[in-house]
Structures are given as C-alpha cells and as structure tokens.
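Protein chains: 4
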Amino acid sequence: MINVGILGATGMVGQRFIQLLENHPDFEITALAASFKSAGKRYEDATNWYLDNEMPESVKDIKLVETNPSAMNNDVDIVFSSIPTELAFKIEKEFAKDYVVASNASAHRMKKNIPLVIPEVNPEYLDMIENQQKENNWDGFIVTNPNCSTIALTLSLKPIVDNFNVNSIRVSTMQAVSGAGYNGVPSMAIVDNLVPYIGNEEEKMETETLHLLGNYDGKNVHPADFKLSASCHRVPVIDGHTEAVFVELDDDLNIEDIEDKMANFKGLPQKLNLFSAPKNPIIIKKEEDRPQPRMDRNAENGMSISVGRLRKDQAIDNSFKYVLVGHNTIRGAAGASVLNAELINDKIL
Amino acid sequence: MINVGILGATGMVGQRFIQLLENHPDFEITALAASFKSAGKRYEDATNWYLDNEMPESVKDIKLVETNPSAMNNDVDIVFSSIPTELAFKIEKEFAKDYVVASNASAHRMKKNIPLVIPEVNPEYLDMIENQQKENNWDGFIVTNPNCSTIALTLSLKPIVDNFNVNSIRVSTMQAVSGAGYNGVPSMAIVDNLVPYIGNEEEKMETETLHLLGNYDGKNVHPADFKLSASCHRVPVIDGHTEAVFVELDDDLNIEDIEDKMANFKGLPQKLNLFSAPKNPIIIKKEEDRPQPRMDRNAENGMSISVGRLRKDQAIDNSFKYVLVGHNTIRGAAGASVLNAELINDKIL
Amino acid sequence: MINVGILGATGMVGQRFIQLLENHPDFEITALAASFKSAGKRYEDATNWYLDNEMPESVKDIKLVETNPSAMNNDVDIVFSSIPTELAFKIEKEFAKDYVVASNASAHRMKKNIPLVIPEVNPEYLDMIENQQKENNWDGFIVTNPNCSTIALTLSLKPIVDNFNVNSIRVSTMQAVSGAGYNGVPSMAIVDNLVPYIGNEEEKMETETLHLLGNYDGKNVHPADFKLSASCHRVPVIDGHTEAVFVELDDDLNIEDIEDKMANFKGLPQKLNLFSAPKNPIIIKKEEDRPQPRMDRNAENGMSISVGRLRKDQAIDNSFKYVLVGHNTIRGAAGASVLNAELINDKIL
Amino acid sequence: MINVGILGATGMVGQRFIQLLENHPDFEITALAASFKSAGKRYEDATNWYLDNEMPESVKDIKLVETNPSAMNNDVDIVFSSIPTELAFKIEKEFAKDYVVASNASAHRMKKNIPLVIPEVNPEYLDMIENQQKENNWDGFIVTNPNCSTIALTLSLKPIVDNFNVNSIRVSTMQAVSGAGYNGVPSMAIVDNLVPYIGNEEEKMETETLHLLGNYDGKNVHPADFKLSASCHRVPVIDGHTEAVFVELDDDLNIEDIEDKMANFKGLPQKLNLFSAPKNPIIIKKEEDRPQPRMDRNAENGMSISVGRLRKDQAIDNSFKYVLVGHNTIRGAAGASVLNAELINDKIL
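Residue numbers (the working numbering), protein chains in the order written: chain A, 1 to 349; chain B, 1001 to 1349; chain C, 2001 to 2349; chain D, 3001 to 3349.
Treat each hint with caution, since some may be false.
Only pairs whose alpha carbons sit at most 27 Å apart, straight line, appear in this in silico DSS-like list of lysine-lysine [claimed, not checked]:
{"id": "1", "chain 1": "B", "residue 1": "Lys1060", "chain 2": "B", "residue 2": "Lys1041"}
{"id": "2", "chain 1": "D", "residue 1": "Lys3111", "chain 2": "D", "residue 2": "Lys3093"}
{"id": "3", "chain 1": "A", "residue 1": "Lys286", "chain 2": "C", "residue 2": "Lys2286"}
{"id": "4", "chain 1": "C", "residue 1": "Lys2060", "chain 2": "A", "residue 2": "Lys63"}
{"id": "5", "chain 1": "D", "residue 1": "Lys3261", "chain 2": "B", "residue 2": "Lys1060"}
{"id": "6", "chain 1": "C", "residue 1": "Lys2286", "chain 2": "A", "residue 2": "Lys60"}
{"id": "7", "chain 1": "B", "residue 1": "Lys1227", "chain 2": "A", "residue 2": "Lys227"}
{"id": "8", "chain 1": "C", "residue 1": "Lys2347", "chain 2": "A", "residue 2": "Lys37"}
{"id": "9", "chain 1": "D", "residue 1": "Lys3286", "chain 2": "B", "residue 2": "Lys1037"}
{"id": "10", "chain 1": "A", "residue 1": "Lys60", "chain 2": "C", "residue 2": "Lys2279"}
{"id": "11", "chain 1": "A", "residue 1": "Lys261", "chain 2": "C", "residue 2": "Lys2060"}
Calculated directly from the structure, the hints in this document are not laboratory data.
Bound-form chain A, shown alone (with noise of 0.2 Å):
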C-alpha cells in the first residue's frame, strides 16, 4: 500500500478524492490538509460534507494538517492537490522538493517539464519527469491533468485525430455548477436561467486539448494542428459537463466508421487495467436523446465519457457533430488524478 495524503482536502475536489481513494486497492489516505484555520481540527468536524454518499467512517478521525510539506506524515509518497490555482503555484512546488505531487490545479499545467496528461491520451508525456526533477533537483515531481471540460473533450477526440485529418473543432459547452466550486454559482444567478461565460474557461479548452493531443519529442510538446474554438456556458445541472462538438475534417467521413472508432477506443490504463481505469473511455449512446447529465455522469463510477448524437453534418461537407456527457468532479477532476497517480504507481514509483 503507498500511503497518500491529500491537499484541499474539505473542498469539493477533496471530498471526490476521498471518495475514490476509500477501499483502494494500492493507495492508503495517512493525511489531510487544508487551510490553517482548519488544521488541527477532527476530518469530520472541519468539513461540511457536500457528496450524497456518506463521509467514510476511515476518514472521520483524521486530524487535518496546514498545507505544507513538514506537515504530512514522512511516510507519504504521493500527495493529491486540489486547492486553489492561485495558492498552488508555490505550495505545489515546495511538495514536488520530496512527493508526488498529481494535481488538478491549473497552475502548472502548461509549464515546461511538467506533464499534463490523460493516460488513455497522452501517458508518453510522463517521460518529461526525468528533465524536471533534473533542472529542479527535486526528488519528487508534478504531474497534472486537464480542466474538467477539457478532459471529456480531448478523450472524445483522441480515436479521432488518431484515425483521421482533423481541419477543425467548434465545441460549445453546458457545464455544471460543481465545476466552480460549493460558492461558485449564485442559485440567483441559475435558477430559470443560464450564465454564458466562465472565466478562462476557452482559453484553457483550446489550449490544453492541442496540448494534450500533440506530441512530445524530448524536450518539447509540440501542439496538435488543428484549429479548435470553445463557446463555454454554466447551466442549471449539479454534475456532469455536456459539450456539443462540431468537428470538421479534410476530407470525405463514413460515420459508421468514426462511431466504430470510438467505441473501440482503449488506452495504457485499459492494458493496463489499472483500478479507476472504465472499462470504456468511451460509451456510444444510441438513443436519440442522449447523454444527459444525470442519467450518464455516473457511467462506469464516473470515469467514462457518454457520447451520443453521433451524426454526419448534412450542411457542412467532411463534417460531423456530436454530444458528449462526462462527469466533471471525477473524470474531469478527483478520478483524473488519481488515475495519473495509478499510471505513475506502475510504470515509475
């Protein structure tokens, strides 16, 4: 068993991670930090439990500690952050001086040496780990994944820029209000209403997405080619992150063809068969109106991406569209990192 701690352990994030990590087969929670105003304090008494499971019996005794590495148990080797980008920035790289750090924090994700990965994408981009903890000298290292939007999106493309020339992507999304947080949303602001905009959120789906499904030569990722436009808006929906994606290739497409494509899709972790890995990555829906977010988040514990209305654009010649559904707190956030954590576990550590 590697023990983990986790960072930003009281926030939403925190809580999906505790949540998957309960009953895992190789990793142990030994510590919980959070803000030093809680630190000190029982798990269960610091944390307003936001999950409509329950809080895990193994967690509710544990004394949470402040944010830093003199705090975590010497026996832990891989700590999980999820605390606020702004923060994580310095604190994240004071724990890579001697831990794992995998975090879904944005602060490093684009950043020189540091992989941004989804492992059924892109698990090659871990080899950066050598020329970071080189020019760091740090004996641990940081390993990211993607925004939460973008996670769902780059696994619905990756059979297809794999298969085929891709000229453009237009993708317009309907995300969950757990994506920005317990506060995030006003209920004044989204009940009988939808909000357009979300703060940096294009910016990060067109870049990570090239990012992720580009190439690493050895010293730097090359992004992938294709040009790809985000229209990005939060909609009354606890979980789960609906995006329409409008997909244009260079030439000719038989639909049959990119459906099979992606059903079919398998990545490292399904070779693998590391324990959060689905089954599927991706699940093609047949019914004419679906994925919605209630009814397909939770596919295969919220680690697979639900794909439907899968159909040849009748306007746009070489073009397809489809509608995609995945869970934005645990494929697009928790299950991602631990699922890097689970990669890391059995090609590195």
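Using the hints provided, position chains B, C and D relative to the given structure of chain A.
Okay, now just chains B, C and D, sitting in the frame of chain A:
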C-alpha cells in the same frame, strides 16, 4: 380597428397572442377558437392561464368557438394561428379562403408562394401573396413566421449577411422548456439535467434560416448559400432561448465593425414604426456574462434579441463568435405573428 | 430462491423494483408484465430507463408479458404491483387468487382484511391475511404499503406514538416530482415555482397514518386517535420527500428523550435482519440545516428516513417540531413493497 | 416632490427600491449610497443589475456616496435603508438625527418606540415616533418594516385576528432564494434540493407577527396573545415566498365567513389611496393548485399577497388551513418600506 381571431387560443402561444393584443391600437380580439371540447365555454372557464400576468378582463367572457371558418364572426379580418402543425396543414387552408392567416405553425412555412417572413429580414417575400391567392383562388392568404430558435438566429445574422460574406455558421442552442408547450417537457427530464435533442429543430433551423436570408425573384426563393449547422438542446429555463453562434466569413474581419452593424441594424418595421416593432431589433450587451435568458428575454417587451460576448475567434481565421438570447414565445412565436400582421396591415390591407 | 414477477415493470416504480431486486438473496425476477402494447417485446426494447444507474443485464432480455395471471410463469410466487390504482382494483384481485401480491397501488390499502403494512410499524396486521383468504376463497392474498409521504411520516412517528401521548400533528410536505410519475409534473409547472397541491395526497396521509398506527383486534383496525392534518406541496426536487412536522403531546416533554426514542428505534425487520431492512430506520441529523433531499435521500440505500431540526416548540406548550426526508420511490414505494415481501417470506411463506 | 436617498443602493433590495421609485408621484431619488468601495462611481458602473427589467435611465449617472449622513444631499428628506443588519444598528441611528429612515433592516424592528409597521395592519404604531424623537433628541426618526415572510403572513392574519379568536398558528414556509441576497444561497445547495433552515427566520416570524398584531397603549406594545410556531425552508424559487398556514381558533368556524373577511379586507393605505397600495391586499385564489410563486408573486405589482386552498380542517376542530404567496423583495422588503414612507408622508410630514 381590425377585428382578429385567435386559433388555439387556450394554449401557451394563444395566451401570448392575447397578452400582446390587449391594448393593441389596431387589432381587437373578437373571436377565440379552441378544440371542440372547449367550444361554447367562456374563455376564462376553459383556460388554464399560464402567464405570470393576469388574464385580461376583455377576453374572460368571450365564448370559445370551434376551429373552423364558419364559426368565426363575419367581421374578423385576420386570424392568428397557433394550432398544432398536424392540424394546421388542412385548417389554415380553409381559413385562407376568406381570411388573412398569420400563422406560427410550421405546416406551410416552406411551401411555394407562402411567405415565411421576419419583417426586419425579408418583408419583400410578402410579394408572393398575389401568386398564392391566384393559384388557390383564395380571397385570404397565409403568411407564416419561422420557428422560435430560427427567428432569433436570423435576426442576428441579417446585418452580417448584408455586410459580409459568410462562409459557414455553427449554432448550438440552449432552449427554454416553454418552446415544447406546457406539457412538452416533464420535470423528470429537466431538473438537474438537460436534454440534448429537440425533434426536427435542427432541420428547421438549417432550412428556414437560409430560406429567410435568401432572395425571392418573383417566382421562387433562392436560399442563402452559406453553410449552416445546428445542434439543439433543451435546458431548465422557462422562457428565452440562448444560442452560441460560430461564424466563419470568407475574409478577415474587424470585430468592432461587426458590432457596429449589429447595434445599428434597423428594418422596415422600425421605419414604419409598427406598434410591436422594437426600437432596436438587436441589443448589444457589453457585460462579460450576458446575455442571460432570465435577465434579457424581456428586452423591449420581448421583441428584441440580445447579443453578447461578441468576440473575434482567436483560433480560427476569419471567424467570430457570439451568444444571443431571444424570447421564444414572444419574438419567437406570438409576437412574430403579430408583427407580421402589422406589416400586412400597413402594406397590404 | 423465490421467483417473483413485477406488474408495471416499465414504469418508474417498476424500474426501482428491478434495481432493488438485482442481486437479492431470496427473490429472483422471472416475469415482467406491462401494458398489452409492450407485451412481447424485450424489456430493454420496451423501456425508457429513467434511473441514473444502468439497467441490470439480467432483465434486458426478459420478454414482457401482459398484466394478467395466466401470462405469469407458473413458478412465480410473489408479484410486485406498481400498476395505476384505477387498474389495480380489478387486476390485483385476479392475481390474488393464486399469487402473493405485494402492492404499491392505493386501490386496496384501506380495505377490510387487506393489510396495509410498514414492517417496522405494524407487522401484526399481516394476521388479517387468513381472513382475507377465507372470505375470498383465494390461495394467494394482497398486502399493501402506504403512500410515499405517509411511510416517511409514519416511520418517524412510531417511536413517538409508542412512548408518548400524541394530541395532534400538523405536517407540511415538500414532495419530489418523481412521486407523480415520469410525466406527472410538467417542467413548466415547477421551474422557478412550486405547486401547493397534490390530488388526494392530504386525504391519504391523514387516513393511512392513523390506520397504520392503530391496532388490529383480529377483526377490525381501530385507527390511532390523535388528530392529523396535512398540507401537501410539490417542489423542484427529483427524488426525496421533505416534511415539516409539528407535534403536540398531551403532556410536557423532554426533547432529548424524544430524540433518544427516535434514534434507537428498531422494528421487526431489524430483529429479523431482513435483507432490505436499514440498520436504523430513523437517522438523526445534528447539523442545523439537514436533512436535505439531495444529500439524505439515499441514506442506507434509500431505506432509512433522516430526521433533523428536532427542537422543542418554544411557542406552543407540550410541542416539538422536526423535519424529515425519505426517499419516495425507494422507502416510499418499491422498497416498501420489497420489505413487505421479505417479511411475508420470513413469517408466512 | 420629496427627495429621497437609498442606503444599500447597489444590492438586491436597493435595486427594488429604485425600480419602485421610478415614476413615483411623490418621491424622487436624489442620493444613492453604497459601501466606500463604490462611493464616487456612477451607479451604472458600480452596480451588477439583477432585475429582469432595465435599470432606469434616471439613476445611471447618479454618483454613489458613502453611507453616512454628511454624504447625503441636504435636501433629502427620507432615506430608505436596506443595509446589512449588523451595520444598521449604528448607521440608522446616525441618520435618524436628521432624516426619516424607512428601514428594511432588522436591527431596530423590536426596539422600544421604534415603530414596526405594515400600513394595512398597525398604522397606529406610528404614534410612537413622538416618543422616539423626544427620547433621542432626534429631528428625524426610524420606522421599520418586518421580515419578508412575516409581512405576508401578518397581512393574511389581520382580518382573521380582527374577527375571530385565534388560539394557535403553525406556519411552514417555502422561501425564495432572493430572500438571502444575491450570494446567499449557492446553486450547489438548491438545485434538485431544498434547505430546511434559514438562520433566525423562525424567531423573527414568531416575534414580529405577534408584535404587529398586538396593540400599542401609548407607551408599550402588547403582543397578540395567540401561539405561533414557524418552520422555515428554502426552495429553488427566485422570488415569492409560499407559506402553508394551519390556524386553530377558539371556536367553531364557517369557512365562507373567513374567506369573505380576507377577500374584503382593506386597510388605511387603501382608504388613503396611497400610490403603492394594492387595491386588494389579499387576493383569494379559487383554483385548486394556486397560489404559486411564479404565477402569483407579481399580483398588483407585487404588493398583494395571494391566498388559496382555504379549507376547513377536517381533522382538527375549530381549525382551517390555507396557502399564501407574497413577493418577498417587493411586498416583503422594498415595497414595504416605500408604503411605510407613503403613509408617513400622508400622515406626518
């Protein structure tokens, strides 16, 4: 004063007709038609009033008649139709023998010689009425307005199409539940959820928009020749459709120029100062998170559309993006028919 | 293993039956009945699956039969019924000639010699089965469970009624939309709104609760003699009924004493260790803002009710107040019938 | 014209003040105050306008001032206060030295000699102003209106209390999110959920209602002597509080008699024909499923409450039940203060 009748008077769009025609300077409601089950009852007794303002006193005592021409008062000149499309095919033709039919139904929208009109966009299509009357040997005629999501999109595109060369458009909608009728969307389908499918909606948007933005040569309509692809979704909003629009032009663009053309767009209804015409068909919102349906659907009594987040597409050449909100049962339905009737009253009757 | 059938198998409560019976240690689904339109189809083909977990593989290929006794497999012993009440009057009697009918329909709830049972509350009412069989000359029999809002209320009241003299109870409900069936509540009725009326609900709560908390003398049920008044309201929540309860006792009270009786309440299902029995039928929540439907409806697989805000009434003598949440389609419907069947299986079959 | 100022002008209730005072025949807004961070800015620039009608042109250019008396224009006579209660304790007293303060804050509601008033209910409490001014040596004075849920309840009870002997009342509320301020209720707390707790709300309802329905003997208020118990809950509704009310009288009752008293209730504002006074403070709804917040909150510009489901309690002697809806930020907040000011303007200034 012109006496008008309403077909489908007890339904959601029928109620909007009543709301909009209360205190109308030119039209007076003298006949309300509904299904044979309601015929003979007082309007107030037969109607489950859905709107959040009160039922006008003036209609409460009107006795509902059956939906056929002989049941109309002789002195009715215009009938507004919001009957279900499958009934509209036959019934609207019967009415057209003697009456002007301003229809919100889709039955006759794309039929030869039946004008599909947005007064700000293609008022010249009314010229086909003469042919319609000749061909059918009718004293009256049918004029139709487009689908709710089409109207908002097309209004926003008119100043673009008039001033720039459009190559292609992708639009992703987030549509209000009222668009499906009172019983159209069960709450089980939409609370903490969205439905990424609306039957026939994408087809209607793709064909009607090009038809409206095309030109009529005195015999036929030549649809606009850019490419238009739609993805339509239902969200938990009562009224107000939101649409994310991706536009690709043939040439480079200046975003201020586009904003200027939209902000200053006026059409014939504004020149004629028609009663229901908004001062500005398109209102430009400058806040980063607008337009929003609950906040912007009622702009200019629900007859303006609001456009925001107008921005150059950083990822795709010659492209820009924006978000619009339009009131689907006012500008997108009853108000559209009323404005059509006002234009007809001004130009033809 | 006992073979069971489900009547109304494609509906919302029918789907919950399937969910709850998957992996059941004593019951195996061998027959699924639906309307004649669906009869003959595979379950998967005929059913619009509403639940957010996947349809169990084991039922997908079962061929639906019509809802009459001759269509059942001979080897079925128990049928679970969630057919509409107006059909249940006749059909359930036909089934009772040969089968045990565990019904969630209201048709026979208050009928002489037909036990209306919550296993934790009044298991002794099963004694009336003998009379039921004799009178009707049936080999099978009917047992019913109460209305969804009644079950949660009555469970919470059982330890009160057993230990204190109740004078009167007022209850105000905030009920989930799933209680009305999939198409029961249009989204137009409930987005940014609530509906302060549910047909017959108040009457059911007021009569069923007193019936359940009464006593059976071997011939008749003598209802409990306190006064009970209900006001029922529908709110925009998918699953989970919330009820605000005002209790007036005959005598002064100690609130810790009441909490203690509720927290430690166990019934026969707990003693018998029935498969679906929750460890604690009543869970006491101590947070000031709980229970909440989304957070607490799934407590103990949806079979426990959660009680919170238990407080002495400062304004009214001998009174206290509390709020409860119970899962309306699990503990309040399918789970209630299943627990009834488990009790019958243990005590009678 | 009387010049008025608004304290807390950029907040939700502040915006309602502006909406209600636009086009007011007697009051003209000449000063808007906000926090020191906003002071100096144009109102339009400092304000995130939350209402679904447009910000009035007349206030856009007003320069915000700090919230202290010296910052007011000399010529302001009345200040409307919607500042947070913790600030109101001190600040409103400072203003009262020179100005009439019509406050929606709770700080001074239950203080000796400070009238807590609903003009239809207890206008005679204004008599205590004289004592207030003497005691404090103030030229101005403070008058307050009750909590939002209290106002609606008390209005509905006034004709009951005036005509019948009330023994006890239980009220269970379903309150809109706007009552908590724009950021008060996170969407994570309320989508597919409700929160059965509102801090201090039950205490306010229980004390303020009895205070308002009591009598003032020239020195002290003697609260009404019936018993009142409240249970308060937050539901996913934007505006409009719904309350289920259980009333027990001392004697038998005739429900038509009660309806008649409520339907015909008029107070002093109706007699004086005050500008904001609704024609009928209580509107009786006869439909079985009304009142509903989205449909009825705007009755008479949001200044009437709607009462429905008025029915004799079949279970409890001498009792009846009803449901009411009132607009919480109009009748329950800004409109209440404005009506108070209109009454003061008519009777005192």
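message = Does B/Lys1060 sit within 27 Å of D/Lys3261, going by the straight-line distance between their CA atoms?
response = 26 Å, holds
request  = Take a quick look at whether A/Lys286 and C/Lys2286 sit within 27 Å of each other, Cα to Cα.
outcome  = With Cα atoms ~45 Å apart, A/Lys286 and C/Lys2286 exceed 27 Å; violated.
query = Is the hinted pair B/Lys1060 and B/Lys1041 satisfied, with a Cα-Cα distance of at most 27 Å?
reply = With a Cα-Cα distance of about 10 Å, the restraint between B/Lys1060 and B/Lys1041 holds, given a limit of 27 Å.
query = Can the restraint linking A/Lys60 and C/Lys2279 be considered satisfied, given a maximum Cα separation of 27 Å?
reply = 20 Å, holds
ask   = When you check the alpha-carbon spacing of A/Lys261 and C/Lys2060, does it fall within 27 Å?
value = 26 Å, holds
ask   = Is the straight-line distance between the alpha-carbon of C/Lys2060 and that of A/Lys63 27 Å or less?
value = Violated, at about 47 Å.
message = Hint check: D/Lys3286 vs B/Lys1037, CA-CA at most 27 Å. Holds or violated?
response = 23 Å, holds
request  = Assess, step by step, whether the Cα of D/Lys3111 is no farther than 27 Å from the Cα of D/Lys3093, and give holds or violated.
outcome  = 12 Å, holds
query = For the pair supplied as a hint, C/Lys2286 and A/Lys60, is the alpha-carbon distance within the 27 Å limit?
reply = 16 Å, holds
inquiry  = So if I understand the rule, the pair passes when the alpha-carbon distance is 27 Å or less; does B/Lys1227 with A/Lys227 pass?
reply    = 18 Å, holds
ask   = Taken at face value, is the distance from the CA of A/Lys37 to the CA of C/Lys2347 at most 27 Å?
value = 55 Å, violated
The structure is inconsistent with the numbered hints 3, 4 and 8, although it conforms to all the rest.
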